[in-house]
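Taking the hints into account, I'd like the entire structure generated from these sequences.
The sequence shown begins at 9 in my numbering and counts up by one.
Honestly, the hints are just simulated from the structure, not real lab data. Keep in mind that this is a model prediction, so the values were computed, not measured. Yeah, the Cβ is synthetic: ideal placement off N, Cα and C, and Gly gets one too. Careful: at least some of the hints might be erroneous.
Subject to a maximum C-alpha distance of 30 Å in a straight line, what follows is the list of computed BS3-like cross-link-like pairs (lysine-lysine) [what the hints assert, rightly or not]:
#1 Lys485 - Lys616
#2 Lys616 - Lys358
#3 Lys344 - Lys202
#4 Lys434 - Lys336
For each label pair, taking beta carbons as the anchor points, the in silico distance ranges come out as [stated by the list, open to error]:
#5 Asn164 - Arg36: 55 to 65 Å
#6 Gly93 - Thr588: 21 to 31 Å
#7 Leu191 - Asp307: 48 to 58 Å
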Amino acid sequence: EEAKSFSFDGIHERLESKAPIFHHTLRRLTNFQTAPLSIKSLDPVHDIESRTAIVGTLASMIMHCQSQRLNYFQRVMGIFFHASGCSKDVINTLAKAHICVSYDSTLAAIGALTEDAIGIVREAVLKNSWYIIYDNINLFMTVTDQRVDNADTQINGATATIVPGKDLGAADKPYNPQATLTLDDFLPDDQAVKDAAVASRFYLVDALQRHHNTYKRISMPPIREIRSLPLEQSVTYPIPAMEIDQSSVEGNLEILKFIIACTLVLPATYFDNGKRIIVGGDQLSVSRVGAVKRCVDDDVTAFDRMEWALPALQLFHLQMNLCSLIVKTYFGESDKPGSLSFYVARLKRKRISEGSSSFHAADELLRNVFDGMVLRLWKEELKIDSSKTLDALGASQDTTTMLNQVSTAAEVIRARYLVRPEANRKAYGNANTNAALFIRDMLVYIELGDAIKQGDVGRIEAVLVPITVMFQAGGTKNYANLLLRLAFDIRHTWTELRTDAIFSSWLVNTTGKAGGWIPSDLYQEHNNLYTKVRYAAKGSNRTFANMSQDSSVNCRTYGVIKANVTKAFGVSHNSGFHSTVSAAKDVGRVVQSLEERGVLGINTRPAKDHMITPAKDLYFLGQKNMIKGDLESFHRSIGRFHRNDQDQGSSSEYDDSSILGDIKTRFEQKVDGEQDDNEELGGFTESETDHDTDFSGEGGDNEVSSDEELEITQENADDMVDIAREMRKVDINSDASDEEAIEEILVRATRDYIAEVDEDEDDDGASTCSCEDPKDPFIDHKHCKHFRNFEE
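And the structure:
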């Protein structure tokens with residue numbers, strides 16, 4: 009705490025009380041008014057901050073010459089230089105001048121910081137509810153002279169942070185096997201429709217005001233606050249990094265057990281009273297933790313069964329995947345106006361592609377193109393021609409006239425372009441419809457980001473509904489399923505107390521200021537960045553072990569110390585930060601290109617518009633896929649989770665005896681939805697643009713009869729194995745061939761049937777079988793004459 013609260017005021021107070029004459033002498037020597045004329049003529053330092061720093065530094069250096077124990081200033085400066093990346097030689101040189109302690113003493117001070125930090129977090133977890141945020145960290149060591157025994161290496165590890173949170177409660181809701189998700193759960197109610205309209209108008213006007221100052225005189229109705237977190241500074245405890253690979257199920261199990269047993273030193277009995285801990289991370293972490301729980305569900309203790317771990321998806325990685333989904337959907341071709349690829353080339357952007365992009369680069373491009381398209385709509389609706397500008401129009405209006413005109417135009421834009429834009433494709437053309445769909449999806453993306461920044465978990469929950477639907481459109485299966493699982497748990501699994509605790513774990517506010525909320529997993533990514541910067545600065549002396557006990561624990565402490573030291577010496581806070589480069593020219597180019605090619609103009613469309621590939625309507629296609637079978641497939645899959653997730657130990661409604669039927673149904677759904685799942689994100693099929701498709705009935709033409717025969721062939725063997733392994737109904741050797749895996753499935757399932765027959769068979773014996781094919785593995789041959797022959 010002393011190191012983190014460094015200031016010269018404290019040094020001056022101690023000097024004044026312990027050595028008043030010495031302190032007074034130094035102050036007189038640095039005082040401009042009392043300095044000799046010969047010194048005044050040399051242009052001495054005038055500002056008080058610098059004189060205060062000089063007195064404190066000189067006093068500390070002189071006292072350190074007299075006693076090595078008087079080293080508070082030197083210890084803090086040693087940590088400051090170390091955290092800033094100074095080498096061992098530099099620190100030792102400065103130590104000779106008594107500006108800091110030696111390099112070895114600095115490392116000893118850092119070791120004490122680490123011990124204090126670990127001791128504090130161990131006390132905190134015993135007093136409060138808390139949760140874990142963890143992520144992988146990859147560190148690279150490059151060598152100049154590459155040899156067989158001296159090659160570049162990559163170290164894969166994991167970093168984590170403990171954050172005090174809310175109580176999760178003792179139990180979930182009672183397990184209801186009849187609980188399901190329906191499409192109605194993802195359709196907006198009246199309040200949601202009103203909130204979406206207000207938010208749309210707000211963001212449309214916000215784009216206008218950010219680029220044209222004359223319109224800042226007016227204000228639109230604000231977005232409704234639903235359920236904001238209390239505004240307070242979040243307390244966080246980074247813990248030592250672990251040299252454990254997070255990519256595997258075993259690695260995640262080892263990480264969590266290492267945190268509990270080695271870092272926090274919690275006894276296994278800590279979890280015997282039903283204690284639950286949120287484990288937050290990205291989709292991979294959440295899925296791996298779920299797999300861990302299924303693998304160890306028959307262990308002896310609650311700790312070993314991982315009953316205490318409650319995996320929860322975090323928001324920053326969801327933001328990144330939503331950004332990627334929008335980029336892929338609207339990337340298009342570079343020579344087609346209105347496509348993102350067109351603006352990547354026109355704006356000369358790098359690190360952006362349809363396959364993989366830098367998140368920062370992609371986020372900036374999306375927001376710049378969004379602003380340009382919205383400004384194009386404003387110019388059209390406000391009838392701005394080449395002879396005048398939006399600023400000129402605004403300057404000529406009084407506030408009331410401007411407000412009325414902007415409010416009316418905002419509602420016209422919303423109604424014309426954002427309400428069922430795909431339905432107007434024939435009237436507007438492909439380019440205009442693609443642009444309208446892009447604006448609509450970007451409003452969802454922007455709303456998620458703003459809700460996070462404001463710390464309103466109610467708004468986040470609301471915007472997750474359309475996001476969940478959009479992810480069902482194909483190409484993002486993992487996040488699509490995870491979002492459905494989140495929706496199911498909110499509605500049918502978690503109590504209100506548990507839901508509130510999980511929502512609170514989504515965000516942290518390290519400043520304690522309004523608008524300072526960030527996703528918890530983004531906070532962990534920042535910790536990774538600070539850790540990597542320190543690791544890289546160590547040069548050839550860097551090792552994972554040193555980094556684990558150094559920067560991974562103290563990364564935030566280093567930041568506080570560096571901020572306080574620079575402030576004490578009067579260094580401007582902004583001197584280490586770059587200013588944001590204006591995007592006005594880029595947005596202007598987007599507007600100009602839209603005008604030149606007739607995109608988003610009233611009664612205009614680009615030349616050869618019919619050659620522009622229609623973009624997917626993510627919301628419509630997501631609903632369509634949910635009706636076609638995504639929800640049904642999800643309901644079949646969740647049965648395998650409930651045995652682990654339910655506190656009361658409720659078992660799944662899908663028992664092992666139904667394995668063959670489940671595999672058959674899942675395979676038929678896979679075949680039926682294969683075209684949608686494998687389709688490129690950039691295009692539509694004719695059936696997908698047909699808004700007359702009947703979704704009112706159950707089943708329909710897409711329904712597959714359970715009585716149809718399904719033969720195992722070489723062509724479908726791969727899919728059958730993938731489905732069986734995914735369902736985890738039986739253990740399949742990962743090295744087994746497809747034929748061996750299929751055989752293993754059938755033999756195991758058949759043995760289950762035999763056991764039931766031997767136990768339940770009536771005295772009359774087995775009845776004859778009426779099945780047409782005695783070798784069909786998907787027919788229940790229980791009590792039939794073919795049964796034992798089939799096993800052979």
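Hints and how they fare:
| no. | hint | result |
| --- | --- | --- |
| 1 | Lys485 - Lys616 | 34 Å, violated |
| 2 | Lys616 - Lys358 | 28 Å, holds |
| 3 | Lys344 - Lys202 | 35 Å, violated |
| 4 | Lys434 - Lys336 | 23 Å, holds |
| 5 | Asn164 - Arg36: 55 to 65 Å | 59 Å, holds |
| 6 | Gly93 - Thr588: 21 to 31 Å | 25 Å, holds |
| 7 | Leu191 - Asp307: 48 to 58 Å | 39 Å, violated |
Violation of the numbered hints given earlier is confined to hints 1, 3 and 7; the remaining hints are satisfied by the structure.
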